[in-house]
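A.B. asks: Here is what each chain is made of, one letter per residue.
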Amino acid sequence: MKQLGKEKLLEVKDLKVYFEIGHDKIAKAVDGVSFSINKGETVALVGESGSGKSVTSLSIMRLIPTPPGKIVGGSIELDGQDLLSYTEKNMRKVRGEDIGMIFQEPMTSLDPVFKIENQLIESIIYHQRISKKEAKQRALELLQLVGIANPEKVLHEYPHQLSGGMRQRVMIAIAMSNNPKLLIADEPTTALDVTVQAQILKLMLKMKDSFNSSILLITHDMGVVAETADRVLVMYGGQIVEEAQVKELFLNPKHPYTAALLRTIPSLEQNTRRLPSIPGNVPPAHKFPKGCRFADRCEFAMDICRESAPALGRISDGHQVRCHLPFMKGGQEIGEETRSITGSV
Amino acid sequence: MFYIIRRIILLFITVALVSVITFAVFQVLPGDPIRTMLGTEADETQIENMRSELGLDRPLYEQYFTWIKGLFTGDLGNSIRFSMPVSTLLMERLPVTLSVASIALVIVLLVALPLGIFAARRKNKASDVVLSSVTQLGMAIPSFWLGMIFILYIGMNVDFFRINGYVPWTESIQGALSTLLLPALTIAIPQIAVKFRYVRTSILEQVQLDYVRTIRSKGLPEKIVVYKHILKNAMIPILTIFGLITAEIVAGTIIVEQVFALPGIGQLLITSISNRDFPLVQGIVMYITVAVVFINFVVDILYSVVDPRIRLR
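Those protein sequence lines, which keep their order, are chains A and B.
Per our numbering, residue 6 is the first one in the first sequence, and the count goes up by one each step.
Per our numbering, residue 2 is the first one in the second sequence, and the count goes up by one each step.
Derived by calculation from the structure, the hints in this document are not laboratory data.
Built from N, CA and C at the ideal position, the CB exists for glycine as well.
Certain hints may be false.
Claimed, not checked - Here chain B is said to cover these stretches of chain A; the calculated rule only asks that three of the stretch's residues, wherever they fall, bring their Cβ under 8 Å from a Cβ of chain B:
#1 20-27
#2 88-102
#3 127-139
To be verified - In silico contact screen, one side only, chain A against chain B (beta carbon under 7 Å); selected entries:
#4 69
#5 115
#6 116
#7 160
#8 161
#9 165
#10 167
#11 216
Produce the entire structure from the sequences given, and follow the hints as far as they go.
C.D. replies: And the structure:
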């Protein structure tokens, strides 16, 4: 495995983001999330819709619409600086300059009434305070860098004139335009063709290396995780339920939810007629159960799961899980590919 | 370019249709203009003579084409009531109505647009709630009542304003304003109320869209986010409503000219209708419709300036 610098770039501690959704109803979209990203590292944040992935990423940018949303607790540190204490003005310097972001829907994420050039240079001029001419030159270089074949032409086109893959390349160019330390990619390939998906992921990794930055990749696609991530965070019901290096997670998943997610990846070797799915839905964030939030959908649920909520427990170095099962004597195997001894602590 | 050519063709088709409808409507309306003109004492021979003198006994299509030819050459026939060419009457009255309508439009634009942006940026805060309630009231005020209130409390008390008649621009700019400002305001106020709400909603709709999140993630200041990106996108629905508003303003002048005794097209229209002065009514209706159709054509062209996607359609 690639040896990564252990220098921390981003550290999120006990982050809580609540949404007021009606009278006296509070949705705990993110409920005590802690994780960190090292310099040069690609960390995947995985989970299904409604698990709190996107809210976590928008909180790092402090772009949660307030009201109804509010960061009610925790800290977010970038290079040792607490972003939650920043003024809006200082935060603007962080956005686009220290952290770049790309979004799921490249079709609607670009302003439809401005040319690509304008959308690229406005952020370059604002953050780098260079002339329009220099910014245009930089925009041209960026488009070449993200693999757009005819950058001069694309600069003078509008978003609707480009294909989905091209738009996402433009989005990456915009996000990287001020050499950010961190690139947050919120489901960057979900809306794209499979062939284009692989190209975009490859491009993101290439950009990360050439700009010397880190990536927080938000996705629900375990295939994407396997291809790109160094480390994985699995989110469920506003909490992190498992965290491990990517290889460890795929070979030795400890949380039944992780194991179930892994089973949903189609495989060429297995001749399955129908992909397994996880029955049920994420419980609504305004009425989480008292015990484990996954208990209702878990095939291994025991009495204790409905009674007490499990805390994150350590499996091995860098591998943590929020589940009672691995810590019980005589606990069962949960992952198909799991080879480790059950019950090991 | 194709877009503009197609719009121009569409403009001509619309005007042609409008002319047919306008003409047809007056053929089926009850009431005989000749009898109105000659009074109850007239006998049948007199009526028939008059009818053929005015060309009203010829086949309909012939009458229609004579009328259309007149539209292009400026000869709309003579008014039955005033015994003057319709075009002369129109040209006399047009500057009054055009002035009132333009001033009203400028007031609506200057007030509704900034106010709508202001309220949208302060959504649900005190200033927004107050503005929204006040404009709710503004929407409920009928313009004839507002006009009378203006005459009573402002026109009679403030020396600057004259509440009767009209002073042409060529005579005195101040004089023209003193007679036109209150009528324009009377038309503008209920319109401001409606358009303010429209601008506010259009902007708030934009705020939720994905591209705004992208711009925010680029760390651009709020001023650029709102005045460059959101405003340009919101201009598309706002333009639509300002196309419609011109039609409403023209309609508004009809009532307001009565209230302020302004010798405009609206007043002329009412007189001509009550006299069954068909050539005159037809001429006025036709010109008003063409004006409204033309303004909507201008709005369509402006769309393509704002929104590049429209140019392709």
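A.B. asks: So, for every hint listed, does it hold in this structure?
C.D. replies: Verification of the supplied hints:
no.	hint	in the structure
1	20-27	violated (count 0)
2	88-102	holds (count 7)
3	127-139	holds (count 4)
4	69	violated, 11 Å
5	115	holds, 6 Å
6	116	holds, 5 Å
7	160	violated, 14 Å
8	161	violated, 11 Å
9	165	holds, 5 Å
10	167	violated, 12 Å
11	216	violated, 16 Å
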